[in-house]
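Chains A and B supply the protein sequences, listed in that same order. In terms of my numbering, the first sequence opens at residue 1 and continues consecutively. In terms of my numbering, the second sequence opens at residue 1 and continues consecutively.
For the record, the hints were derived by calculation from the structure and aren't laboratory data. By construction, the Cβ of each residue, glycine as well, lies at the ideal position given by its N, Cα and C atoms. Careful: at least some of the hints might be erroneous.
Claimed, not checked - Using C-beta positions, here's what the derived DEER-type ranges look like:
#1 Arg132(B) to Lys134(A): 38 to 46 Å
#2 Ala230(B) to Leu43(A): 31 to 39 Å
#3 Leu186(B) to Lys37(A): 43 to 51 Å
#4 Arg89(A) to Gly56(B): 30 to 38 Å
#5 Lys212(B) to Lys37(A): 56 to 64 Å
#6 Ile67(A) to Asn169(B): 25 to 33 Å
Each chain, written out:
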Amino acid sequence: MAAGPASHGGLRRAQRPHLSKMERMVVSMQDPDQGVKMRSQRLLITVIPHAVTGNDIMEWLIHKYCITEEEALHLGTLLVRHGYLYPLRDPCHLELRLDETPYRFQTPYFWMSTLWPAAELDYAIYLAKKNIRKRGGLFDHEKEHYDQLHRKISHTWDLVVMQAREQLWAAKQRRKGDRLVIACQEQTYWLVNRPPPGVPSVLEQGPERNSCTAGRVQMPTGPFQTKTVDFYRREVECLRKALGRARVKSSVCLEAYLKFSSQRGPHDPIMSGCLPSNPWVTDNDTYWAMNAPSAAVPTRLRVEQWAFSFRELLEDPVGRAHFMDFLSKEFSGEKPPPRLPARAPPPRFPPAWGGPDPVPGPPAENLSFWEACEELRHGGQAQVPALVDAVYQQFLAPGAARWVNIDSRTMERTLVGLGRPHRHVLDDAQLHIYMLMKKDSYPRFLKSDLYKDLLAEAVVPPKTKRRVFPFMRKPRHSSPSPALLPASASREPSGGDGEA
Amino acid sequence: MAKEECKALLDALNKATACYHHLVLTIGGSADSQNLREELQKTRQKAQELAVAIRGRLTPPLRDRGLGAEERAEFERLWVAFSSCLDLLEADMRRALTLGTEFPLNKPLRPLVRTGVEGGAANVAARALSARSLRHEAERGFDVEDLHQLEREILQVGEMIHDMEMKVNVPRWTVQARQAAGAELLARPSAGVSSMRCVSVEQRMGPCDPSKALAATIFSAVLLAAVALAVCVAKLS
Chain A
1 MAAGPASHGG LRRAQRPHLS KMERMVVSMQ DPDQGVKMRS QRLLITVIPH
51 AVTGNDIMEW LIHKYCITEE EALHLGTLLV RHGYLYPLRD PCHLELRLDE
101 TPYRFQTPYF WMSTLWPAAE LDYAIYLAKK NIRKRGGLFD HEKEHYDQLH
151 RKISHTWDLV VMQAREQLWA AKQRRKGDRL VIACQEQTYW LVNRPPPGVP
201 SVLEQGPERN SCTAGRVQMP TGPFQTKTVD FYRREVECLR KALGRARVKS
251 SVCLEAYLKF SSQRGPHDPI MSGCLPSNPW VTDNDTYWAM NAPSAAVPTR
301 LRVEQWAFSF RELLEDPVGR AHFMDFLSKE FSGEKPPPRL PARAPPPRFP
351 PAWGGPDPVP GPPAENLSFW EACEELRHGG QAQVPALVDA VYQQFLAPGA
401 ARWVNIDSRT MERTLVGLGR PHRHVLDDAQ LHIYMLMKKD SYPRFLKSDL
451 YKDLLAEAVV PPKTKRRVFP FMRKPRHSSP SPALLPASAS REPSGGDGEA
Chain B
1 MAKEECKALL DALNKATACY HHLVLTIGGS ADSQNLREEL QKTRQKAQEL
51 AVAIRGRLTP PLRDRGLGAE ERAEFERLWV AFSSCLDLLE ADMRRALTLG
101 TEFPLNKPLR PLVRTGVEGG AANVAARALS ARSLRHEAER GFDVEDLHQL
151 EREILQVGEM IHDMEMKVNV PRWTVQARQA AGAELLARPS AGVSSMRCVS
201 VEQRMGPCDP SKALAATIFS AVLLAAVALA VCVAKLS
């Protein structure tokens, strides 16, 4: 229990850089010349030094970092919420107030980076101490936690009670002022780590990103670790990868994101509803039937999606089929294609792929070539050599029946690679053809009559009328249990509505 | 009786761990100083000695197959308390190491965090060592060597814990603690080992606070003066 958090401490700290930044800020506030102005807190008889007011903190932040008041307030609130500062008058409300309310700094032991995650045993000891001090006056959520902990770690409850008593005794050996301060510090720590219900927890993190930090897990980050050659080699590797990562300006990213959201908003079934109706709600699966990959008549939204990008068009089987159609019809009435081979050898291997037409016209060879490469990439390993050979004979050999136009450099590279065929050997050529189609044929497809006709013919399903009496639902058909005999299964198409 | 000895040692270890925890709390704060580091070292060394002693006493009965069920349950209970205490100690030692490295003393570029805690903790350490008072005799630069020492000790304690797990097999879920929930609210039974000052838990106010006594005397003096003045005024009129 104790070894776990300590050994992962290095990784955790590396993943939460905001904490080390806050800590540096707190340490620079302690500078005797340039730090925050400190006052004393007077409580009846005892005087406790090192109190700061909210105003002082704000002024210091504004002065040091040259930021606006709003930003300074936000920074200050973050410091308080993460427990690096705590208010003295109203300790349960961790927020920064811009008046004379006094605050104090938290001791480094209770900083989030040192002591995280909070251990159950520690919390149990704290609650036991509070129980003793306040004679059972715990808050409701604390009482619940207490009971839960007692169930979970009941085997060490002896130690909990003993430690609680002893810690209180140890605290009594100090002056009263110190005792108060230490009690406040511990209280703040537990307010941050076990917040009362209704207070948002600052400890929640998103999913752990497994980028290059995954490689650093194995390194122990003790302060006196020996730095061997391996250590430096790993560091160099990590930093090299970091340099090579492509970085995009956040303005560009955000613009792209906004464009994506506005373009895709009407198409998203959750954001804009799906027609005719959401199958999960109304048990009517027309929506799925109409949007199936091999639907005969595509919906209007689907046809509109083809205009977003070339990839969308190619990934949709219906779209791809129509594109192939368009390509073969495009040049049918025009002059013959510029490149006719002098002798036209019969195709050695019949095309095993292709669109609805068994032998599409010449310009459709680009798309056929692209499809052939896709099949190579995703097909079985055993078929790779034969397929590479077939593709070469059909599309790439000089004088082939369906020769595709690739530039010389790519062709040289591909020919070299063909000597040792693997599934990615035609990737360069495929990419070249893809870009060609995207720049050339795709815009023409979008402007063509074929596409406009498709848009006009596309189906817009009507929204189902909401039933007036919602509790009279259609009886649900439960699928027949596999244990039933086939005869009885066919006899019973509609099971009871008793299913959940 | 072996059990009583073990209990006594465990209480002492518990006390040392609690005091060590209390001292580690203030590292890096305004109360951090050479003296504090020395106290930390003394406390943890005492705690380690106690740990070794307890382990020596507890391991043979637990490895003895012929022990009766009740006796065995009792020893298991002590074992669980002992190993959890040792876990706490190790965790605190690790934190002391990280904090000690981050907040070295006598370095003007890394000021200590002003936390408002100012007094010395000599009494706490003295309580851990069951001594009357503590003498500070460290020389300058003590904290840096101490950190190396601390690292070695952490490794030793880690090995001890690992050894313990390997040698003695005590399933935690079968152990029944003697204290129930809310047991801390009851008065502490008179322990076999009495601490230096035998004050029971119910006594909320500790020994007389000097500042409170001062306040009381001032108040009574003022009251007497007021009464005397009133008497004079009454006599005059």
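CB of isoleucine 67(A) to CB of asparagine 169(B), is that within 25 to 33 Å? Violated, since isoleucine 67(A) and asparagine 169(B) (Cβ atoms, about 59 Å apart) do not stay within the stated range.
Between alanine 230(B) and leucine 43(A), does the C-beta distance stay in 31 to 39 Å? Given about 32 Å between the Cβ atoms, the range holds.
Range hint 56 to 64 Å: satisfied by the CB atoms of lysine 212(B) and lysine 37(A)? 31 Å Cβ-Cβ, so the 56 to 64 Å window is violated.
Does the hinted range 43 to 51 Å hold for leucine 186(B) and lysine 37(A) at CB? holds (48 Å)
Is 30 to 38 Å a correct range for the gap between the Cβ atoms of arginine 89(A) and glycine 56(B)? For glycine 56(B) against arginine 89(A), whose Cβ atoms are near 52 Å apart, the range 30 to 38 Å is violated.
Look at the Cβ atoms of arginine 132(B) and lysine 134(A) and judge whether their distance stays inside 38 to 46 Å. violated (32 Å)
In this structure, the hints that do not hold are numbers 1, 4, 5, 6, in rising order.
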